[in-house]
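Now that you have both chains on their own, put them together as the hints suggest.
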Amino acid sequence: MLMNLFKFKGGVKPPTNKTQSLGKPIAQAPIPSRLVVPLHQSIGGTPRPVVQAGDRVLKGQLIGEADGWISAAVHAPTSGTVLEVAMHVQPHPSGLDALCVVIEPDGKDEWIPRQPLDYKSLAPEQVRERLQQAGVVGLGGAVFPTHGKLTASKTVPMEEMVVNGAECEPFITCDDLLMRERAEEVVRGIGIFRDLLQPKKILIGIEDNKPEAAEAMRAAVKAVGETFEVVQVPTLYPAGGAKQLIRVLTGKEVPAAKRSTDLGVQCFNVATAYTAWRAIAHGEPVVSRLVTVTGNVAEPRNYEVLIGTPMDELLKLAQPKPDTDGIVMGGPMMGFLVPASSVPVVKATNCLIAHSDKLFPPKAPEMPCIRCGACAQACPHELQPFEMYWFSRAKNFGKTQEYNIFDCIECGCCSFVCPSRIPLVQYFRFAKSEIWAREREKNASEQAKARFEFKQLREEREKADKAEKLAKAAAAQAAKKAAEAAAEGSAQVAVETTAAPVAEAAPVDAAKEAKRATIEAAMARAKAQREAVQPKNTEHLAPDQQKAADEIEARRVAAHLIDAEPAAAPAPASEKPE
Amino acid sequence: MFAPAPFLLKDASVTKVMTQVCLALVPGIAAYAWLVTPAILIQLVIASLAALLAEAFMLRLQGKPQAIFLTDGSAIVTAWLIALAFPPLAPWWLVVTGTVFAIVVAKQLYGGLGQNPFNPAMIAFAICIVAFPALMSQWPNAGLQVTLVDQIKVIFGLAPRVDALSGATPLDAMKTALKLAEGSSSVGQLLANTEIYGSFAGRGWEWIAAGYLLGGLWMWQRNLITWHVPTAFIGAMLVLSGGLWLYNPAEFANPLFHLFSGGAMLGAFFIATDPVSGCTTPRGKLIFGAGAGLLAYIIRVFGGYPDGVAFAVLLMNLCAPLIDLLTQPPIFGMKDKA
Ligand code: SF4
Ligand code: SF4
Numbered sequence: 000m001l002m003n004l005f006k007f008k009g010g011v012k013p014p015t016n017k018t019q020s021l022g023k024p025i026a027q028a029p030i031p032s033r034l035v036v037p038l039h040q041s042i043g044g045t046p047r048p049v050v051q052a053g054d055r056v057l058k059g060q061l062i063g064e065a066d067g068w069i070s071a072a073v074h075a076p077t078s079g080t081v082l083e084v085a086m087h088v089q090p091h092p093s094g095l096d097a098l099c100v101v102i103e104p105d106g107k108d109e110w111i112p113r114q115p116l117d118y119k120s121l122a123p124e125q126v127r128e129r130l131q132q133a134g135v136v137g138l139g140g141a142v143f144p145t146h147g148k149l150t151a152s153k154t155v156p157m158e159e160m161v162v163n164g165a166e167c168e169p170f171i172t173c174d175d176l177l178m179r180e181r182a183e184e185v186v187r188g189i190g191i192f193r194d195l196l197q198p199k200k201i202l203i204g205i206e207d208n209k210p211e212a213a214e215a216m217r218a219a220v221k222a223v224g225e226t227f228e229v230v231q232v233p234t235l236y237p238a239g240g241a242k243q244l245i246r247v248l249t250g251k252e253v254p255a256a257k258r259s260t261d262l263g264v265q266c267f268n269v270a271t272a273y274t275a276w277r278a279i280a281h282g283e284p285v286v287s288r289l290v291t292v293t294g295n296v297a298e299p300r301n302y303e304v305l306i307g308t309p310m311d312e313l314l315k316l317a318q319p320k321p322d323t324d325g326i327v328m329g330g331p332m333m334g335f336l337v338p339a340s341s342v343p344v345v346k347a348t349n350c351l352i353a354h355s356d357k358l359f360p361p362k363a364p365e366m367p368c369i370r371c372g373a374c375a376q377a378c379p380h381e382l383q384p385f386e387m388y389w390f391s392r393a394k395n396f397g398k399t400q401e402y403n404i405f406d407c408i409e410c411g412c413c414s415f416v417c418p419s420r421i422p423l424v425q426y427f428r429f430a431k432s433e434i435w436a437r438e439r440e441k442n443a444s445e446q447a448k449a450r451f452e453f454k455q456l457r458e459e460r461e462k463a464d465k466a467e468k469l470a471k472a473a474a475a476q477a478a479k480k481a482a483e484a485a486a487e488g489s490a491q492v493a494v495e496t497t498a499a500p501v502a503e504a505a506p507v508d509a510a511k512e513a514k515r516a517t518i519e520a521a522m523a524r525a526k527a528q529r530e531a532v533q534p535k536n537t538e539h540l541a542p543d544q545q546k547a548a549d550e551i552e553a554r555r556v557a558a559h560l561i562d563a564e565p566a567a568a569p570a571p572a573s574e575k576p577e
Numbered sequence: 000m001f002a003p004a005p006f007l008l009k010d011a012s013v014t015k016v017m018t019q020v021c022l023a024l025v026p027g028i029a030a031y032a033w034l035v036t037p038a039i040l041i042q043l044v045i046a047s048l049a050a051l052l053a054e055a056f057m058l059r060l061q062g063k064p065q066a067i068f069l070t071d072g073s074a075i076v077t078a079w080l081i082a083l084a085f086p087p088l089a090p091w092w093l094v095v096t097g098t099v100f101a102i103v104v105a106k107q108l109y110g111g112l113g114q115n116p117f118n119p120a121m122i123a124f125a126i127c128i129v130a131f132p133a134l135m136s137q138w139p140n141a142g143l144q145v146t147l148v149d150q151i152k153v154i155f156g157l158a159p160r161v162d163a164l165s166g167a168t169p170l171d172a173m174k175t176a177l178k179l180a181e182g183s184s185s186v187g188q189l190l191a192n193t194e195i196y197g198s199f200a201g202r203g204w205e206w207i208a209a210g211y212l213l214g215g216l217w218m219w220q221r222n223l224i225t226w227h228v229p230t231a232f233i234g235a236m237l238v239l240s241g242g243l244w245l246y247n248p249a250e251f252a253n254p255l256f257h258l259f260s261g262g263a264m265l266g267a268f269f270i271a272t273d274p275v276s277g278c279t280t281p282r283g284k285l286i287f288g289a290g291a292g293l294l295a296y297i298i299r300v301f302g303g304y305p306d307g308v309a310f311a312v313l314l315m316n317l318c319a320p321l322i323d324l325l326t327q328p329p330i331f332g333m334k335d336k337a
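Keeping their order, the protein sequence lines are chains V and U. All letters in the first sequence, in the order written, are residues 0 to 577 by numbering that gives the first Met the number 0. All letters in the second sequence, in the order written, are residues 0 to 337 by numbering that gives the first Met the number 0.
Isolated chain U (complex conformation) (with noise of 0.2 angstroms):
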């Protein structure tokens, strides 16, 4: 007749749970906007569309309540987390594969909301860029000059992909600038480009980063999120690049640079954090956070990708399971000795 106690419930659900992931990412969205491109709001929109068709098409194959899974939310954040990832001038069939691709294959024939063993927001850049690995590296330009209709045409293949969109991440070009110096210049010597490089990370692309932190520190306000996976990703990668920059300053850029560019603060705080794919334990989320930071800097500083996120949160999904069951904390009662 009536469901069991407890009949008192706290006022929440998945989709508010989503919600507030959105919310929480919109700071960093509203820099991106403002100080790289407006197109990513364009992007988030199709996106968006794109997850929520996927979504429905497969809801009705599998004759899942549709209205129901629909609201969750989790497609949303799954989509924005793929526009973000992507460069904001793809063309809207390269952000729509991918989408789809997430929804269908990485989450919905995995069983749908809850359990998908991988981020599929992270599958969907992982394919895109092994397939599409020039698109997937087409950046705009520091202070990209092009107005946003032209942007719009852009994304739709309506006008040509312009010399100002091919450029690459601060982190890419720091790389390859490195690369191709081969001793020549200097780490310092580069970030001292502030057309490229902003005040310390990338211009633009630093207050984008310090928006997700924000985003980030109010999730945990909220408790959407425990400190234990940004800390420990944030942690990981900054002992890493700072011993590294300490060993060779000429070479290795400065902790502070590899914070604030690349995907670095929307990993520690959104992707690692997903609780689907990754650990739940708190020594688990330690680990799960720490292996993230540590294989996202060696990827992109010694790897043949432009940012390690992605593969290295991938990585981590695959160990989350052994994680967990190793990591299993004493229950009440069973703390002392064996």
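Here chain V stands alone, though its shape is the one from the complex (with noise of 0.2 angstroms):
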């Protein structure tokens, strides 16, 4: 099948070290001791723990429920006792907990009853929400509900669906053995999304340098009965980000204020697609995924491996070299150090790569920025690193952002071709960071803004609700005065006459009077917050500085420059606004 491709600008070759652990067949990593499943797995909202210390659990069950639209149910891996639902550290760079299902295995991995659906029957707003409950999300490393991008939009009709098994990023293999070795039900998964998005075109994506897994593909799409195009694209990082891929797959590209959406065009990973199907046809909910586990290790391999296994567990699997110094998880252009060898694996977990100074020698120094244009040459969106950099530097964020900071992927090749070895991306993210909270201070600190003037109109009006009903009363007590002197049969007309008037206008009079007592009222505060903010270096005097200060003030007072007033009346300087 010929097809024309297109070209992204930039990009850079790494070495692309997979070869490593592409030697066996995809293994089974065994039931570990503890399982620690995070309840928040999936971008949008956490789940809601749904069972308890104690309770059996049997493997699939849901122990997290969806909590929203953009959210994805999370399920027990194994069957076993629920030790506790507590807080955890995440395999995550910031290094915080999070609410977490720990369950001891029993051993025997037992089912809940699983239900294959022929989702052919099934509205597609059925396969949605199965897909939901299932807990299916990206499994490319941005772990997004899936079934929240499977809705095809009104405006714009559905051109291409790109599927991603480019997988570019070096050592990670986990997508190309899933291809090589279950690309049927890759295939079916593809068929899924492809029903529910009815997209005019499939196109599957392979770096060129998997023919394996694209043969695999191509021969299951053929088995399948299928019509899907199974495209090898050229190895270049990042091919495998979902903008890169789209863009060399069908010449669009997407700009970080637009989704894929609005151009057509949707993007799954072939893992997603896998458990996508698993999930509908064996009504099997994702609880476990495919690992690559190499770097620093005598036996890199891929293995299956049970969402919340303990990393160092996994690991241990491989045979870490003894100068293994932490744990990379995600690949080396974009993964992080996890805070901890014992955290879990998660549905974003594809790659954990056993670190050592070996294999990723300690960087030089940072030099200073000599403009050569490497950045701005690697970079797939076309950005100034440069620029950014100096931007980000001199926490000039504005410009940053003229620059486009937020259309930066973090994909590193910037960082990967500077001969300064300026660590650009993390200058990126700090900018980034800095500027979402400053906006996040601003928007907090416009709501108290508006809070405080919201209260202050609430108490203006209060008082004057109080001022007039005192005027009120005082009017009636006028009217009944006048009713009561007319009663006693002394009253004249005249009086008569003037009363009736006098009653009417007691209440214009009370409120103007009571309007005037709440302005005197503010201006009495006003002045006592004055007096309270006065410089205070006044208070902590000796005695005689306190004589002589008492001395100066009594002349200022013999000369009225002042009153002597406030000191008299030290009082309303306790009132504070709030």
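Restricting the straight-line Cα-Cα distance to at most 20 angstroms, the calculated cross-link-like pairs of lysine to aspartate or glutamate (DMTMM-like) are: (1) V:K362 <-> U:D10; (2) V:K148 <-> V:E158; (3) U:K15 <-> V:E365; (4) V:K462 <-> V:E519; (5) V:K257 <-> V:E381; (6) V:K357 <-> U:D10; (7) U:K334 <-> V:D261; (8) U:K9 <-> V:E365; (9) U:K334 <-> V:E381; (10) U:K63 <-> V:E365; (11) V:K12 <-> U:D10; (12) V:K119 <-> V:E283; (13) V:K320 <-> V:D356; (14) V:K148 <-> V:D66; (15) U:K9 <-> V:D356; (16) U:K334 <-> V:E401; (17) V:K448 <-> V:E438; (18) V:K448 <-> V:E458; (19) V:K200 <-> V:E228; (20) V:K23 <-> V:E180; (21) U:K9 <-> V:E409; (22) U:K334 <-> V:D406.
It is worth saying that the hints were derived from the structure and are not from the lab.
In structure tokens form, the structure reads like this:
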């Protein structure tokens, strides 16, 4: 099948390091001694726990319920007992804790009753619901709930569906092996997506350094009787970035401000399609995933791993070498060192790389930028990293935004090529988080201001109301008096004719009076506040200084420079606006 | 604990970049030493030592790590460009003065590596040609017949500066000859003098320029420079000199002569391409290169200096930030319309 491919600008060619972990077929990792399953494993709302310590759970049983439309359910990876629902450290660069369900496996690996579905007889809505309930999320690493991407836009016709089998990050081979060994199920999963989205074309992109995977996929497509196109794309990092792959296969460029659906494209990872098929056709929720275990280990290999397996237990299977000093989750370009080696494997874990200084030598010291432009040439989003770096460093975040910092996908190409060894991506992350923080702060302070103003308004209104009530009461009193006088019979016509207007005018006057009173009170408060914030260097004085000060004060009072009053009436000073 | 991603890095460093720039200069230097005078090698050493000492001194003053910055190679590149731009038999102190000024003022006082708005080597050239115009215009006569030992003596002031040294570059000779002749001799007649002008641009000098061209192409192939600046520089000079040559071939030399004499090739590939003081956007580089090429021609043909590359580059350095600002390319996904 000949097809016109498009190029994206930039990109780099790091050594791929993939052969190490390709030697053996996928192995099943044993059930670990303990599973720590984080509830929040996808973008969107945190699932609510539906189990408690002491509960017995079966494999595939719901333990966390999807919270909202963009959220996906979480399930028990094996049968066993819930030990606790508690906070545990996460495989996230922040090193923060999150709510996890800790399960002690019973070793029986006993499934819940699984219900295969004939999805073709279901309404699309039900299929999406099913995927959400099965916890199907993007397994390429972004973990966006898949059902959320399976509604076609009403305005833009769905042109192409791109299936991502590019796997461009060095070291990672789990998608490669998945396609080699389970191509048919991947293809069937793609079929589900196709039926829901109804795109005109389906393009499966695989980097041309995986000919076996491409071959297996082609054969599977044929065997299943589909018309999907398997396209081998040039091996160039980050060809597996969704936006880059879309560009290569369709020529369309998705900017940061847009979603690919706005351009009539949607992109799914091959592993996601696989789990979707398992979920629908076998009734199996996502409780495991393929993980490449490689790096500084004796036996690099791909494993099918239960979600929640502690990383150190998994790593042991591959026999890490003694100088291993950390675990990188993800690839060497975009991955991160996990905060503790005991953190669990999650749905986003595609690869574990045992870190050692031999494998990834410590970086040379950072030099000043020589504006060589290598970073700009390498940037697949055609940004000017050195400019963004300059302004991030100078904390001129407005300028970084002018240089489109939010279009940066943090692919690391710029850092990779920089001869000055500047950790550019780190600067961009810093700038982005700073901008977010400031934005939040601004919103918060605006809200606080609005709240304060509203409160003031309410207080004023309450006061006015009170004053009005008082005035009304006074008027009623006056009217009553007038009426009494009239009743006494000594009233004259003149009085009667004037009394009524007085009675009517009284509320008006009273209201004015009340207003004047509030204004005066406010002024008094303001004055008191002013005085309260007067310089306080006269507070802790030695007696003789105090005496001198008092004398000065007395002279001032004598000269009528200031009022003696505040000193005599300090009480209002304690009144604070809050 | 560890530096963050990417964990894999390309095997690149500033030292490597600078070393390759120096390597790219080697063909030109070889032609220089072989065809004009080996004294250039002495000057390269003098300039390098002066640059390193000045750099070490300044780094020490500012408390910056000397080991890292002295080995980054940037001072050597500046030093070599100065040596190659100055007359090869200039007295040692002139080269030293220029180099020290370049490093201390034009580079370190602006913040050091990567911070200088002007090309330090060209600042050195400009300062010296203004301060010492006579010494800066004494070039060895074509077919210099002085032994290397005598040349070294001249450089170090141990021997009188003999007549054989007090020539001019072919470029300058052409300008002077045309001025003196006032129409009685044409460019064609002058160029026929192969003693001075070699086969097309200056005896010896044309091969030096060819050496720079070769090194420049190698740098382009190695991705150390992009094609924009040299192409625009050469293109602009070609168009302007070609136009004037077609208009009056007796008064204006042909483009080949201009491209292969003086600092044109060195300027196009090694000086105007300096990333620190030049433009960074593709369109900006084109404007920068073209501007430098045009100004260099105008200054050398119509101005008061024998060659115009230094001033042309400095003038364009001045405009570089603005050009960059105005030529920011659209980013991924934002190329349609506005
Ligand atoms: S690659 Fe590094 S040194 Fe070169 S321009 Fe970019 S940030 Fe500066
Ligand atoms: S990390 Fe950002 S700036 Fe750097 S190359 Fe990737 S997209 Fe461009």
